[in-house]
Structures are given as structure tokens and as C-alpha cells.
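Taken in order, these protein sequences are the chains called L and H. Number 368 marks the last residue of the first sequence (my numbering); no jumps. Number 393 marks the last residue of the second sequence (my numbering); no jumps.
Treat the hints as calculated values from the structure; they're not laboratory data. No residue lacks a Cβ here, since even glycine has one placed at the ideal position from N, Cα and C. One or more hints might be untrue.
[Claimed, not checked] Computed cross-link-like contacts, PhoX-like style, restricted to lysine-lysine with a CA-CA straight-line distance of at most 25 Å:
| id | chain 1 | residue 1 | chain 2 | residue 2 |
| --- | --- | --- | --- | --- |
| 1 | L | 77 | L | 89 |
| 2 | H | 105 | L | 248 |
| 3 | L | 248 | L | 265 |
| 4 | L | 120 | L | 89 |
| 5 | L | 120 | L | 271 |
| 6 | L | 80 | H | 273 |
| 7 | L | 271 | H | 273 |
| 8 | L | 89 | H | 273 |
| 9 | H | 273 | L | 181 |
| 10 | L | 80 | L | 42 |
| 11 | L | 77 | L | 45 |
| 12 | L | 120 | L | 140 |
| 13 | H | 273 | L | 77 |
| 14 | L | 180 | L | 89 |
| 15 | L | 256 | H | 105 |
| 16 | L | 256 | H | 101 |
| 17 | H | 189 | L | 89 |
| 18 | L | 181 | L | 256 |
| 19 | L | 80 | L | 180 |
| 20 | H | 273 | L | 265 |
| 21 | L | 265 | H | 387 |
| 22 | L | 180 | H | 189 |
| 23 | L | 271 | H | 189 |
| 24 | L | 364 | H | 101 |
[Said to hold, decoys possible] If you want the footprint, here are the derived chain H segments under chain L, 3+ residues with CB under 8 Å:
| id | segment |
| --- | --- |
| 25 | 117 to 131 |
| 26 | 136 to 143 |
| 27 | 149 to 163 |
| 28 | 214 to 220 |
| 29 | 226 to 236 |
| 30 | 252 to 265 |
| 31 | 286 to 292 |
What follows is the residue order along each chain.
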Amino acid sequence: MNNKDLKKVVESALDEQKVPHVKLKKIGASKVDVASLTKPSKETRQEYWGKGLTYFAIILIIILVASIIGFIGFHGLETFTKDHVNIFHFLTSSDWDPGEGKNHVGAAAMIVTSFAVTLLAALVATPFAIAVALFMTEYSSKKGARFLQSVIELLVGIPSVVYGFLGLTVIVPFIRNIFGGTGFGILSATLVLFVMVLPTITSLTVDSLKAVPSDYRKASLALGATKWQTIYKVILRVASPRIMTAVIFGMARAFGEALAVQMVIGNAVLMPANLVSPSATLTSQLTSQMGNTVMGTLPNNALWSLALLLLIMSLVFNFLVRLIGKRGQK
Amino acid sequence: MNAKTRNKIATTGIYTLVSIVVIILFGILGNILVSGVPHLSWHFLSSEASSYQAGGGVRDQLFNSLYLLVLTLIISLPIALGAGIYLAEYAKDNWFTSLIRTTIEILSSLPSIVVGLFGYLLFVVQFGFGFSIISGALALTFFNLPTLTSNIEQAIEGVPEAQRDAGLALGLSNWKTIRGIVLPAALPGILTGIILSAGRIFGEAAALIYTAGQSGSTIDYSNWNPLSPTSFLNIMRPAETLAVHIWKVNTEGIIPDATIVSAATSALLIIVVILFNLGARALGNHLYRKLTAAKS
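Isolated chain L (complex conformation) (with noise of 0.2 Å):
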């Protein structure tokens, strides 16, 4: 309709009233802005501005994370496109040694390293963090779980950096001293894992049992089951899914860590000979040579499929959470 349209039916609707509209009559009805009737109002330009604005933040978050994915992934497989490296035995070879040439581009002695230190911390770690977890929830008093809360969420804020220092300066002298050789190695860095990935695991642990329905507590112990029955046959059964999703997480973040690991493994690219051989992971050859060298030459196109391979790996761990959220769901 046009505003031609519209002045004559506000015209017709102004000689049709039996009571006339004392307002319109006196201004007249040619004098009404007909335009400003038609425009959206006020609240709806609002809406209009800030729903954009909310959506713009949104597109550039997922844009950003395209690019990440888009970015590494181009640099990562130029090694096996522009470089002709074999990729299968890029993931089985353990000869790292890239400024000879192609055939000596195998990372497997990273891959085996990053998922041995990965593997160890959480495995030392659960039994720790469900202990903890249980305890703030079924054993303490509300004062104790609160203390509790607060001592791991001091070991969240405690920079990577610093547990790495930590590590460099206590625990590899440790083990020096224990175990002989250099003290840099798998064990070195699992211990500073343990203490990274305890947090992350015993605080979603938490969550898990604390939505575990009170009744079914009550009614295993109206049954006469004790404590411990009540809590290793119903409570961590119902939980389960969400504890192996907490400890998905902790391997996840014990996968990705970088410099504390750096600072303990040792840094040579070997097949770990044992727990207490100088070693190197995914992240740490990525953090100590990257400044090393050149962009777009061979050494470095294999540092970013080493990067595109801890991109996967994170995107796997994502997978394995939403595969076991699903299951636990049913």
C-alpha cells in the first residue's frame, strides 16, 4: 500500500466516525506524517541494532575457529602435498630428522610420548580426583567441601608455567636422585600432569555426583547397604558417564599442555626407552623449535603437521565427550 492509499483511508476512517477523533480533526487529517506510520517504530530499530550486534560477535567466533581449523590445517598437510612426505610413515617412523630430507619425517616417537605422559597422568590422577570428589560430596561437612573447593581452585589458577618450574627444580632432581640418569623423562612430566589435570577431573567429578538424585542414596542405605556399598553400587554407577567425561577433559588438557612438559621431558626426539629417558611430545618439539626455523621449508611444514595433529587429537577428545554425553543420556 502506498502512502497515496493510505491518506485516503485515514481520510475515509475520519469521515465514517460517528464520534469524531477531536485531535485528528483539529490538525487535520492531511497533516498526518503517514511515512513515520509506516516505518518501523523505535523499540523495533532497537531490536534490529542490538540482535545485529549480538550476531556479529557470534559470526566472528565462528569464523575465527574456521580459520584456526583452515589455517593449520593448510600449513599441516603441505608436508604431505607440497613436501610428498608418506603419511603413514610419518605417523609410524620415529626417525626425526627433517632437515635431511623427506624420509626422515616420522613423528611417532612424539606421538607415542604425548599419549604415554597423557595416558599415565590420568590414570594417576582419577583414582585421586574421585577420592576427592567423594569425599566433598558424601563425607565432609559443608565447611570441609568448601575448603576443598577452594584448594583446587587454586591449583586451576596456578600458571602452567610455574608447575613447569616446579617440576624443573623439584621433582626432576627427585627423581634424579632416585632413579639415576639425566631425570628428565615420561615420569618427570606425568608427576606435573597428575598435579595439572587434578583439578580439571575432581571438579567435574564433583558435578557428576552431586547430580546424582538424593534418593538414590536414601534408598540404598534404607536397604542396609553401608556407605561404601551405597557409593561404589549406586552412586559412581549412575555417575559413571560423566566421571569418564571428566576424565576425558583432564586428558585432553594434559594432551595440549605445552610448557610445563617442555620444561621437564628432556627435549630429544627418542623412542622413550623407559620411564625416565629424555623424550619430547607433540607440544614440547613444537614449542622449543618453531623459532627455529625457516617458514615454508620442509622442517617447518612438518612442525605444523605436528600442530594439525594436536588439532585432531583436540577435536577427537571433543568427540569422545559428546559420544559418551549421548550415551550417558539414554
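Position chain H against the provided structure of chain L, taking the given hints into account.
For chain H alone, coordinates are given in the frame of chain L:
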């Protein structure tokens, strides 16, 4: 072995493990503070770092850390606020929302070294910013966005629905309701989220070593012109932060007192992070009491 003995054994086991965790924490805190605090002096805080002699301080590193923190918050807060508002208020339950949530989850689980390397690729190399404060602040923004966004989202979702209904009943637009009613009510939660993420940013190093750089340039604190290369406000200069400094002196540094410097710097970092945590809690409680009539 009957059920009661098992119960006792399990209880003892749990108590033992909990005690070990508490001992570890106090061991860590005690170790850092005892070995670091005695070396925290005014001289240490106010003198330049030395590259090969003993007795250097962390003046520039301390300033760089704070400056990066402020810049990062300035860049990330508007984006996180927009995204948080969208997720809490506008998001419908459809594929787009689940795409956004997945994206944010992916971003939050990315190792910080990967985020740092992406920042290196994009800002340092592609855009030609070089190792600079702005590259570092942008990398830290990526690192910070997911946590800050979900903190803000939770804070906004915690505001009672009745407050929104009241605003809409007054004829306000949705956006005006959010800005004038929901956001002020969510402020304590949002502020707590900001302070907690400030602690994380302050201690982050992996995302910074290849973006903000591992060395500092000579800085002139009386030069207020942000475009001058020696000015302390210049965002294009390389900047080493406290956390990067600890890593650097331990792995590549040649100063003879590396252990002392790192111990003191660690203590400084921990103290600042603890202050942030306590501050977040105190502020949250204070605002909560002020805004809600709760008594305690």
C-alpha cells in the same frame, strides 16, 4: 571380609588420598612462596631484567603482563558479551545454535600452544605485525573468548525470567530490556567471570611465546606517545610477560641466578592470581548483597 570392614577400608582410603592432595597443594604453595617471597624486593620489581648478569628484575615484564591483560579484556569483552547475550537470550533450539555451541567447545578445548601458533601464522607472519603486543593480545583473546562467553551466558541465564517479563510489559524492546534490566542484574556474575579469566590470562605463556615474543625492547616510561617505538604504550613492540620470562630464563636463559629470578617471579604470579581469585569472590559477594537484599 564383610561389608563393614570394606566400608572402613574404603573410608580410610578416601581420607588418605584427600590428605595427600591437600599436602601436595600446600607443598606447592609453600615451596613457591618460601623460595620466592624472600627475593621479592622493590629492587626486583622496579629494575630491568638482565640478559647475562645476576640481579635483574622484572619491571618491564610486570608492566607488559598488565598491559596485555588490559588490552585483551578490552578486545574480548565486547565479543564475549555479544556472544553470551545471544546464547542466553536469542538462541533458539536449532541447528545453528548447536553449531555455535560446538564451535565454542572446540575453541575452549584447543591447546593454547595451537592458538598461539595460529596467532603467529595470522598476525605475526600474514599481517606482518611481527612479535608485538597486539599480536599477543589477539592470541590471548582467542584463548579467553570461550570461557568468558560461557561465564557471561551463565550469569545472564541466572537472572529471573520475571525481570524480563517486567521490562517487556513496560513496552520496552527486547534489546532495551536486556541492556537496561538483565545486564545490570547479571553484573556480579559477569564481573566475577571477568576477574577469573584475568587470572588465566595473566599466567598464560604458551599462547604468547610466538605472538608477543620472548624478548623486550628498551622501554621509556616517560614517553606517552603510543606511536613512538620506545613508548611503553606502543602496541607494536615485542613484549615478554612474567610467565614467558619464567619459561625463558629456565630453558634458554644464561643468567646465573635463573632459579632465584624464576622463584621470585613465580611467587609474584601466584600472589597476583590469588588476589584475582579472592577479589572475584569478594566482589561477587559484595555486589550480590548490595543488589539483592540478602542478609549475611
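Against the structure, the hints:
1. Between the alpha carbons of residue 77/L and residue 89/L the distance comes to roughly 19 Å, so the proposed pair stays at or under 25 Å and holds.
2. As the CA atoms of residue 105/H and residue 248/L are separated by approximately 23 Å, the hinted pair is consistent with the 25 Å bound.
3. Distance restraint check for residue 248/L and residue 265/L: the Cα-Cα separation of roughly 16 Å lies within the 25 Å cut-off, and the hinted pair is therefore satisfied.
4. Proximity of residue 120/L to residue 89/L is assessed by CA-CA distance (about 44 Å); at most 25 Å being required, the pair is judged violated.
5. About 56 Å separates the Cα atoms of residue 120/L and residue 271/L, which puts this hinted pair outside 25 Å; it is violated.
6. This hinted pair checks out: residue 80/L and residue 273/H have alpha carbons roughly 11 Å apart, not beyond 25 Å.
7. Restraint check for residue 271/L and residue 273/H: not satisfied, since their Cα atoms lie roughly 52 Å apart, outside the 25 Å limit.
8. Annotation: proposed proximity of residue 89/L to residue 273/H holds, straight-line Cα distance about 11 Å (limit 25 Å).
9. Using a Cα cut-off of 25 Å, the hinted pair residue 273/H and residue 181/L is violated, with the two alpha carbons roughly 42 Å apart.
10. For the suggested pair residue 80/L and residue 42/L, the alpha carbons sit about 24 Å apart, so the restraint of at most 25 Å is met.
11. Restraint check: the Cα-Cα separation between residue 77/L and residue 45/L comes to about 15 Å, which is no more than 25 Å; the hinted pair holds.
12. Distance restraint check for residue 120/L and residue 140/L: the Cα-Cα separation of roughly 11 Å lies within the 25 Å cut-off, and the hinted pair is therefore satisfied.
13. Distance check on the hinted pair: residue 273/H and residue 77/L sit about 19 Å apart at the alpha-carbon level, within 25 Å; holds.
14. Between residue 180/L and residue 89/L the alpha-carbon distance is near 43 Å, which puts this suggested pair outside the 25 Å criterion.
15. At roughly 20 Å between alpha-carbon atoms, residue 256/L and residue 105/H fall within 25 Å of each other, so this suggested pair holds.
16. Only pairs whose Cα atoms come within 25 Å are accepted, and residue 256/L paired with residue 101/H is accepted, the gap being roughly 18 Å.
17. A threshold of 25 Å between alpha carbons decides the hint, and for residue 189/H with residue 89/L the separation of about 13 Å falls inside it, so the pair holds.
18. For the hint pairing residue 181/L with residue 256/L, the CA-to-CA distance comes to about 22 Å; that is within 25 Å, so the pair holds.
19. Proposed proximity of residue 80/L and residue 180/L is contradicted: the alpha carbons are some 51 Å apart, above 25 Å.
20. Proposed proximity of residue 273/H and residue 265/L is contradicted: the alpha carbons are some 53 Å apart, above 25 Å.
21. Under the criterion of a C-alpha separation no larger than 25 Å, the hint pairing residue 265/L with residue 387/H is inconsistent with the structure, at around 42 Å.
22. Between residue 180/L and residue 189/H the CA atoms are separated by roughly 38 Å; this puts the pair beyond 25 Å, and the hint is violated.
23. As the CA atoms of residue 271/L and residue 189/H are separated by approximately 39 Å, the hinted pair breaks the 25 Å bound.
24. As the CA atoms of residue 364/L and residue 101/H are separated by approximately 37 Å, the hinted pair breaks the 25 Å bound.
25. Counting residues of the segment 117 to 131 of chain H whose CB lies closer than 8 Å to any CB of chain L gives 9, which reaches the minimum of 3, so the coverage claim holds.
26. Counting residues of the segment 136 to 143 of chain H whose C-beta lies closer than 8 Å to any C-beta of chain L gives 0; at least three are required, and the coverage claim is violated.
27. With a threshold of 8 Å between beta carbons, the proposed coverage of the segment 149 to 163 of chain H by chain L is violated, since 0 of its residues qualify and at least three are required.
28. Beta-carbon proximity to chain L at under 8 Å applies to 5 residues in the segment 214 to 220 of chain H; the threshold of 3 is reached and the given coverage holds.
29. A count of 0 residues in the segment 226 to 236 of chain H with a Cβ less than 8 Å from any Cβ of chain L is obtained; the coverage claim is therefore unmet, three being the minimum.
30. Restraint check on the segment 252 to 265 of chain H versus chain L: 0 residues with Cβ-Cβ distances below 8 Å, three needed, restraint violated.
31. For the segment 286 to 292 of chain H, the proposed coverage by chain L is not satisfied: 0 residues have a C-beta within less than 8 Å of a C-beta in that chain, short of the threshold of three.
In this structure, the earlier hints numbered 4, 5, 7, 9, 14, 19, 20, 21, 22, 23, 24, 26, 27, 29, 30, 31 are contradicted, and the remaining ones agree with it.
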